[in-house]
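Just need the whole structure built from these sequences, with the hints factored in.
Residue 84 in full-length UniProt numbering sits at position 84 of the sequence shown, with consecutive numbering throughout.
This list has only true hints and no planted wrong ones.
Keeping only pairs whose Cα atoms sit at most 25 Å apart, straight-line, the calculated SDA-like set for lysine to any residue is: (1) Lys536 - Tyr284; (2) Lys529 - Ile290; (3) Lys392 - Val382; (4) Lys392 - Gly78; (5) Lys536 - Gly447.
Taking CB as the label site, the calculated pair distances span: (6) Phe253 - Ala493: 53 to 61 Å; (7) Ile140 - Ile280: 34 to 42 Å; (8) Ile401 - Ala490: 29 to 37 Å; (9) Tyr284 - Ile401: 43 to 51 Å; (10) Thr305 - Glu76: 30 to 38 Å; (11) Thr305 - Tyr396: 37 to 45 Å; (12) Ile280 - Lys527: 28 to 36 Å; (13) Phe253 - Gly78: 41 to 49 Å; (14) Lys136 - Ile107: 28 to 36 Å; (15) Trp100 - Ile401: 41 to 49 Å; (16) His215 - Ile340: 24 to 32 Å.
In case anyone wonders, no lab produced these hints; they're calculated from the structure.
Cβ atoms here follow ideal geometry from the backbone N, Cα and C, with glycine treated the same way.
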Amino acid sequence: MHDPEAAAVTEALIVATTHHAEATPETPEKCKKSWWQRADEDLKGDRASIALLLFLYLLQGVPLGLIGAIPLVLQERGISLGQQAVFSLAYWPFSLKLLWAPLVDSIYWKVMGKRKSWLIPCQYLIGIFMLVLSYKVNAIMGDPKGEHGPDVTFLMMIFLPLNFLAATQDIAVDGWALTILSRKNVGYASTCNAIGQTAGSFLGNVVFLALESAHFANKFRAVPQERGFVDLAEFVFFWGCIFVVATTLVWIFKKEVDNKDEAEVKQEEAQEVEELELGIIETYSMLWRILALKPMIWMLVIYLTGKFAFAATDGVTSFRLIRMGMPKETLASFGLFRTIIQLILPVVISRWTAGPRPLNAFLWAYPARILICIGFAVLVYVSPSLRMPDSKEFYYTFYIIWAVAYMIRQIGMSSMFVATTAFNAQISDPLIGGTYMTLLNTINNLGGNWPVTLILSITDLFTWKNCNAPAVSYNGTALLYSCSSAAAAAQCAADGGICDIYIDGYYFGVALCSIVGLVWYKLLFSKVKYIQEVPKEEWRIVKKTQ
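Below you can see the structure in the form of C-alpha cells.
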C-alpha cells in the first residue's frame, strides 16, 4: 500500500470480494466456538509477528501523516498556493516507488536477511533524519507571527527524502509480511497494513495538529498561551527517538525467518499458481512489455488524465477553509468520518465491483464527483455568511455542513478507487501479479498527483488582490491598488493595509477542472467501456514472451 487511505479501502475490498469465495470450510466443532475463540486459535504462533507488523506499519504512517499535516501549518502562516505546489512534490515518492522496488526485492545482505537489509537502514535513517531535523525545523518553518516566512523549497527538499525512506520501508515491510506469517494467516498482512498505517497517520496528522494548536490547547488551560502543548521540533524529536530505539530492538531480537514449514510450501505448490521469480533486469523488462500492450494505451490515458476534473477541489479547498478561519486541527479531524466510509463503502458496492464490469461504478461516480466539486465551490462562497456577527468564530452549522460535505466527497472518491482497484486485480497476470498490480496502482496514483501540483501552481495566477490601506488616500478616500505580486503584498503590509482577494482563482480552477472533466467524460466514456470488455488474455504478458 502506498498510503493509509488506500490501505484501508483495499482491505475492505478484500473482505467484500473474497470472504464468500475463499472462506475455508469450518468443522462442526469449530462452528460451536465463539468468533473470539476461533480467532485466538487461528493466530496461535503468529501473535508476536502480527504485533510487530502493526507496529512497523504504525511507524511508517507517522512521517506520512506528518507530511500531510505540514501544508496545513504552512497555510496558517500565509504561504501562497504556488509554494504549496512546490511542497506537494514531497508526496511523490510513494507514487513512484515502483521505480526502485525491484532493487529492494533483489539486492540484500544474506547475513541480515532479505527484508531487514532494507528495513533496518531505512528506519535508522528516518530516526536520525528526524532527530537532526528537530533542531532546525522551527527556524525553517518560519515565525508564526509572520516576521519571517517559511523556506518552502528547503522543506520540500527535506521531506521528499524522508518520504522516500518511508516508501522504501513500506516495500520491505510488505515483503516481510508475506513470510513472517504462516500461510493460514498471511491474509492478516493487509489488515496490519490498514490498521497500522491509519493509526500512524492519525498520530502524525490529527494528533500532531491538535497538540500543536494553541487554539486547542487553550481550551484546557487556565491561562491562555501563544503555543500548543508541543511544537513541531518536539514532536519530530520524540518520534525520532522512537524510530531509533524500536529499530535497534527489532534488529537485535527479531530474526528474519520464513514462517512457512515444508508442508505448507508443498501445499502452496500444489494448490496455487506459482508467481515467477524475476531478477532486476527481467522485472524492468517486464514492466516495459506491460506498458506496450495494446489495451494499456487507453488505460494509461484514462488513469493519467481522469482525475484532473477534481484537482482544484482536492488540492485547494482545504487551504481556502483555513484562510477563512477554520482551525486546521478541526479540518484534519474530518478524516475520522472519511475513514469509516472507506471501510464500509467497499462492502456496500461490492455487488457491482466484484462482477465482470467493475468500471461501471467508476463511470457512475465520475459525473457525481464533478457535481460535488461544483457544490464545494458554492459552499466556499457562502461559508463567510455562517460567521458569527462581529466575530472570527463560525456557527456550529458551518462545521456540520463541511463535515457532511467531506463525507459525501469521500463516497465518490472511494467508489472510484474501489472500482479501479477491482479492475486492476481482474486483469493482472497471476504469474507476475505483484509487479502488474504495483504498476497499475502507480499509474493510477500518478494520475492523482500531477493535476493537484499543476492546479496549485497556477491558481494564484488567476487570483486578483487589492490592498485596502487607509493610510494611502486621496482627498480622504482610501486608494485601492493591486497587491497580487509578492512585492506589492509587502508594500501593502508596509502601508498598514490588508491584501483582500478581489477575484479568487479557486473558482476559476474548479470551473476549468469541471469543464475539462465533462469533456473527458464525453470523449472517453466509450474507451472506459472498451477496456473492461477486452478479453483477459489480451492483458497477459507472460505468454507473449515464451
